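**Student:** Could you put the whole structure together from the sequences, leaning on the hints where they help?
Spelled out, the chains give:
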Amino acid sequence: MNINLTLLVQMIAFGVFVAFCMKYVWPPIMKALEERTAKIAEGLAAAERGKEEQELGEQRALEVMKEAKSNAADIVSQAQKRYNEILDEAKRDAVAEADRIRTAAHAEIEQEANRTREELRERMAQLAVAAAEKILQKEVDAQAHKNLVKSFAEQI
Amino acid sequence: MAADTLTAQDYISHHLTNLTLGFHPEHGLTFAHNAEEAAAMGFWALHVDSLLWSFGLGYLAYRFMRGVAEKATAGVPTGGQNFFEWIVDFVNENVRGSFSGKNDLVAPLALTVFVWVFLMNLMDLIPVDLIPHAFAQFMSLFGADPHHVYMRIVPTTDPNITFGLSLSVFLLVLYYSIKIKGVGGFAAELTMQPFGKFGLPANLVLEGISLLSKPLSLSLRLFGNLYAGEMIFILIALMYGHNLLLDASGMTLQLAWAIFHILIITLQAFIFMVLTIVYLDMAHQHH
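If you're matching them up, the sequences are chains G and E in order.
With this note's numbering applied, the first sequence closes on residue 160, and no number is skipped along the way.
With this note's numbering applied, the second sequence closes on residue 572, and no number is skipped along the way.
Be aware that a few hints might be false.
As the list claims (entries may be wrong) - Using 20 angstroms as the maximum straight-line C-alpha spacing, the simulated PhoX-like pairs for lysine-lysine come out as follows:
hint	chain 1	residue 1	chain 2	residue 2
1	E	Lys387	G	Lys35
2	E	Lys464	G	Lys35
3	E	Lys482	G	Lys27
4	G	Lys27	E	Lys387
5	G	Lys43	E	Lys387
6	G	Lys85	G	Lys73
Unchecked claim - According to the in silico footprint, chain G covers these stretches of chain E (three or more CB under 8 angstroms from chain G):
hint	segment
7	328-335
8	352-359
9	368-376
10	396-408
11	438-452
12	493-502
Simulated from the structure, these hints should not be mistaken for laboratory data.
Keep in mind it's a predicted model, so treat the numbers as computed, not measured.
By construction, the Cβ of each residue, glycine as well, lies at the ideal position given by its N, Cα and C atoms.
**Tutor:** Laid out in structure tokens, this is it:
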């Protein structure tokens, strides 16, 4: 339990250790710790920003989807309208075409009938002329006359 | 262990004598062969064992801390850096909690105090006879009498070491008191309170005692705790070698005391650090 020179040597050693610790140990380790703190804070802020951006993006995506849906509905209804229009037009066209064809057919039939009638009339006239000729040729014979008429009638 | 050839008192005093190098009035520069010779050397003697263990542990701690600090990265810390950062954080928390001024010295000082005192205290957990006995046997190879080779491996059981630390802290307290408050301010703090200027002598006595008690209590607390702890280890060691029952109870006691002592050595290192911070904080405060 003697107090001696050891005390002073220990004091000097203490001073030296503290000085070295202050110069070479404390600053680099504190620098590393502070840098890490800054990095972590930065990372957290970035994460926060990312989250916000994600929410914004989700919102935008929802909006775009809504818009696309309404667009699609518009297109479908337009297409429906157009389809109805085309259908109506086609129907109208078809009816008109049918009318046209029918009218043409009627006209043709009429024409045919008229032509037939004309022909018939011509033939009738020819027959009548022929009959008249025959009558004129064999006037004397009543019997023959009678037969003539008969054959004429058959020919009609 | 050594009790078979020595009396208990010899054994204890052997354990409590430092390896002292100094000028003996009769023998000149030599290692003291017993406590009387060491006392005769007076002030101009060195406790070689205390100093070597203290320097060695301090140097080890410094190498470790320096090595970690040089490779310290702001990225994910590993191994040694993790461990050291834990200590630095702990010390830094205490400094920030107790020290209100701005001084770059305080935190490294507190770190050095904590780590160094803890390591010096830690030597108390090494079985009391192991290193002294080995050292005595080693020295006897060179012709020394093993009974007169001394080796105390716990520097903090040497008042020179604890006073060396606390007086250094005390000098810093005085330095910063005068630097921050000025000579007049510091003198006023010592003389003008708590009773006002008419109670000057009483103030001086009270404040002087309170000032001087700082280094005294700081070093004596550490010294007393560690000295008592070591003494108990020595007394327990005396129980060995008589009979089986004493051996068994000695082992139990030693284990229990060692486990309890882990708390004490950590606590004492912590208290020394906190009081260092608090004293320096007081030196930085204006009243």
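**Student:** Are the hints correct? Go through all of them and say.
**Tutor:** So, going through the hints one by one against the coordinates:
no., hint, in the structure
1, E/Lys387 - G/Lys35, "holds (17 angstroms)"
2, E/Lys464 - G/Lys35, "violated (28 angstroms)"
3, E/Lys482 - G/Lys27, "violated (43 angstroms)"
4, G/Lys27 - E/Lys387, "holds (17 angstroms)"
5, G/Lys43 - E/Lys387, "violated (25 angstroms)"
6, G/Lys85 - G/Lys73, "holds (18 angstroms)"
7, 328-335, "holds (count 6)"
8, 352-359, "holds (count 6)"
9, 368-376, "holds (count 4)"
10, 396-408, "holds (count 3)"
11, 438-452, "holds (count 8)"
12, 493-502, "violated (count 0)"
Checked against the numbered hints listed earlier, the structure breaks hints 2, 3, 5, 12; every other hint is satisfied.
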